[in-house]
Amino acid sequence: MPIKYIGRTLDYQGKTLWEIVGNLKNFGVGRIVVRSSFERYPEPSYMKIVKVETLPNPEISTPDDVRKVRVFVEKIFRGRKHPALVKIERVSYKADYRLIPKDKEAEYCRSDAPAMQMKILPKTMSFPPLLKELIIREMKASGKEVTEEPQLQIVYRQTRESYYRVTEEGETPNAEVYSGFGKTKSPSLYKNIKL
Amino acid sequence: MLKALNNFKLLSMTCETFSPNSLYQQSVRWGRKPLWFPTAKSKLFRVSPRKRLPKEEEVEKRRLYNSYRTQVKSIKQYLEEKYSLENQEAFDEEKHKMEIEEDFIQCSEINDKWNEEIKKSREERVEKELQESIEDAKRRLEKRLKIYAEQRETAEEAVRQVKEASQHFITPDKLDAAIEYAINNPVDYNFALDLDGNKIRGRETKPPSKIEPEKISAKA
Numbered sequence: 001m002p003i004k005y006i007g008r009t010l011d012y013q014g015k016t017l018w019e020i021v022g023n024l025k026n027f028g029v030g031r032i033v034v035r036s037s038f039e040r041y042p043e044p045s046y047m048k049i050v051k052v053e054t055l056p057n058p059e060i061s062t063p064d065d066v067r068k069v070r071v072f073v074e075k076i077f078r079g080r081k082h083p084a085l086v087k088i089e090r091v092s093y094k095a096d097y098r099l100i101p102k103d104k105e106a107e108y109c110r111s112d113a114p115a116m117q118m119k120i121l122p123k124t125m126s127f128p129p130l131l132k133e134l135i136i137r138e139m140k141a142s143g144k145e146v147t148e149e150p151q152l153q154i155v156y157r158q159t160r161e162s163y164y165r166v167t168e169e170g171e172t173p174n175a176e177v178y179s180g181f182g183k184t185k186s187p188s189l190y191k192n193i194k195l
Numbered sequence: 001m002l003k004a005l006n007n008f009k010l011l012s013m014t015c016e017t018f019s020p021n022s023l024y025q026q027s028v029r030w031g032r033k034p035l036w037f038p039t040a041k042s043k044l045f046r047v048s049p050r051k052r053l054p055k056e057e058e059v060e061k062r063r064l065y066n067s068y069r070t071q072v073k074s075i076k077q078y079l080e081e082k083y084s085l086e087n088q089e090a091f092d093e094e095k096h097k098m099e100i101e102e103d104f105i106q107c108s109e110i111n112d113k114w115n116e117e118i119k120k121s122r123e124e125r126v127e128k129e130l131q132e133s134i135e136d137a138k139r140r141l142e143k144r145l146k147i148y149a150e151q152r153e154t155a156e157e158a159v160r161q162v163k164e165a166s167q168h169f170i171t172p173d174k175l176d177a178a179i180e181y182a183i184n185n186p187v188d189y190n191f192a193l194d195l196d197g198n199k200i201r202g203r204e205t206k207p208p209s210k211i212e213p214e215k216i217s218a219k220a
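Residue numbers (UniProt numbering), protein chains in the order written: chain U, 1 to 195; chain C, 1 to 220.
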């Protein structure tokens with residue numbers, strides 16, 4: 001009888017990290033492991049195992065509580081190597097890891113592969129129309145001279161994987177941040193609409 | 001109601017042989033199960049397929065949401081900075097201190113006034129209480145003195161009675177005379193009764209003639 005799985009569908013594809021590492025010689029130190037969900041990017045993303053520390057098996061092994069493992073890896077994310085070793089422990093239970101066979105390693109980890117480009121983002125953008133009008137009126141009311149349009153300082157969120165920075169003095173940004181609707185990447189959606 | 005009528009109309013339109021005969025009436029169920037009913041057994045393990053947006057739409061949605069979040073975050077920070085700065089400018093420490101001092105002086109004046117009033121009433125009350133307690137003490141003293149006087153009076157009365165009685169005491173001087181008297185006047189407490197109930201005193205001695213014969217009546 002075929003097994004029919006009930007419940008949430010996942011985007012994960014593969015095994016948990018312990019399932020891979022626990023079956024390898026020397027816990028797979030030196031081997032290449034891939035997170036399947038990072039394979040959606042055009043640039044290669046992979047991890048080279050450097051050190052493995054085992055963790056105890058859960059008392060009652062269930063699909064919701066699988067064995068974890070502490071693995072230190074050299075992480076290459078979208079063709080860019082992370083400066084320090086990255087520890088994988090809390091996410092090691094995710095059944096999303098894939099081992100790269102030894103004969104495919106060289107092909108997968110090409111040194112001439114494209115890498116993620118640093119984005120240089122603008123420092124400011126224009127205010128929303130109503131707020132802009134309000135600010136101009138306030139400035140006029142307080143006796144200030146309005147020579148140029150007031151600009152809104154943009155707040156960017158920085159994470160471990162984010163690879164962008166704000167423009168420095170005299171630099172031109174290579175990416176755009178729009179105020180309001182912006183510029184669509186899918187014009188076919190707005191085919192008969194006047195934007 | 002209107003809906004029901006409408007449905008009725010629909011039914012009549014679809015069934016050509018519709019008759020108002022209640023025998024042929026069929027109830028029609030509209031809509032879904034009531035909300036408080038549990039999931040049907042047949043639907044228990046049904047998992048509706050995951051919704052997938054077309055690639056274009058997904059990309060566009062992500063772009064719009066990212067843009068929206070960045071803008072809102074930026075505006076939020078701008079407003080926070082602006083109003084916190086304005087608040088700082090509006091806050092004058094010297095003025096604030098002055099206000100606090102003035103307020104304190106005002107409060108202090110009111111407090112002093114209240115204290116004065118309370119002091120006045122307190123003094124009055126204490127004076128009254130003192131007078132009352134003095135009077136009470138006087139009253140109690142008088143009462144106590146009266147009791148002492150009465151006690152002395154009763155004691156003196158008792159002494160006087162004893163003194164009076166002591167005149168008849170048999171002292172060594174009077175002993176011989178008393179013996180003489182006792183010998184000369186013997187007392188005989190014996191008596192006899194006759195049938196009429198007369199008491200006849202004396203057995204060996206003659207009773208004094210002065211004594212009237214007593215009569216004893218038998219009690220019923």
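Accuracy of the hints is not assured; some may be wrong.
What the hints assert, rightly or not - Heads up, incomplete: computed chain U residues facing chain C, CB under 7 Å, no partners named: (1) 9; (2) 13; (3) 155; (4) 185.
As the list claims (entries may be wrong) - Heads up, simulated EDC-like pairs for lysine to aspartate or glutamate below, C-alpha to C-alpha not over 16 Å straight-line: (5) U/81 / U/43; (6) U/185 / C/60; (7) U/183 / C/117; (8) U/191 / C/56; (9) U/51 / U/89; (10) U/48 / U/11; (11) U/132 / U/112; (12) U/191 / C/57.
Stated by the list, open to error - Computed beta-carbon distance windows for the label pairs: (13) C/47 / U/171: 36 to 42 Å; (14) U/172 / C/101: 31 to 37 Å; (15) U/142 / C/107: 33 to 39 Å; (16) C/112 / U/136: 17 to 23 Å; (17) U/178 / C/38: 25 to 31 Å; (18) C/38 / U/119: 36 to 42 Å; (19) U/23 / C/55: 33 to 39 Å.
FYI, nobody ran anything at the bench for these hints, they're computed from the structure. Even glycine gets a Cβ: it sits at the ideal position worked out from N, Cα and C.
Verification of the supplied hints:
| no. | hint | verdict |
| --- | --- | --- |
| 1 | 9 | holds (5 Å) |
| 2 | 13 | violated (15 Å) |
| 3 | 155 | holds (4 Å) |
| 4 | 185 | holds (5 Å) |
| 5 | U/81 / U/43 | holds (12 Å) |
| 6 | U/185 / C/60 | holds (6 Å) |
| 7 | U/183 / C/117 | violated (79 Å) |
| 8 | U/191 / C/56 | holds (13 Å) |
| 9 | U/51 / U/89 | holds (12 Å) |
| 10 | U/48 / U/11 | violated (23 Å) |
| 11 | U/132 / U/112 | violated (47 Å) |
| 12 | U/191 / C/57 | holds (13 Å) |
| 13 | C/47 / U/171: 36 to 42 Å | violated (52 Å) |
| 14 | U/172 / C/101: 31 to 37 Å | violated (58 Å) |
| 15 | U/142 / C/107: 33 to 39 Å | holds (38 Å) |
| 16 | C/112 / U/136: 17 to 23 Å | violated (55 Å) |
| 17 | U/178 / C/38: 25 to 31 Å | violated (49 Å) |
| 18 | C/38 / U/119: 36 to 42 Å | violated (52 Å) |
| 19 | U/23 / C/55: 33 to 39 Å | holds (37 Å) |
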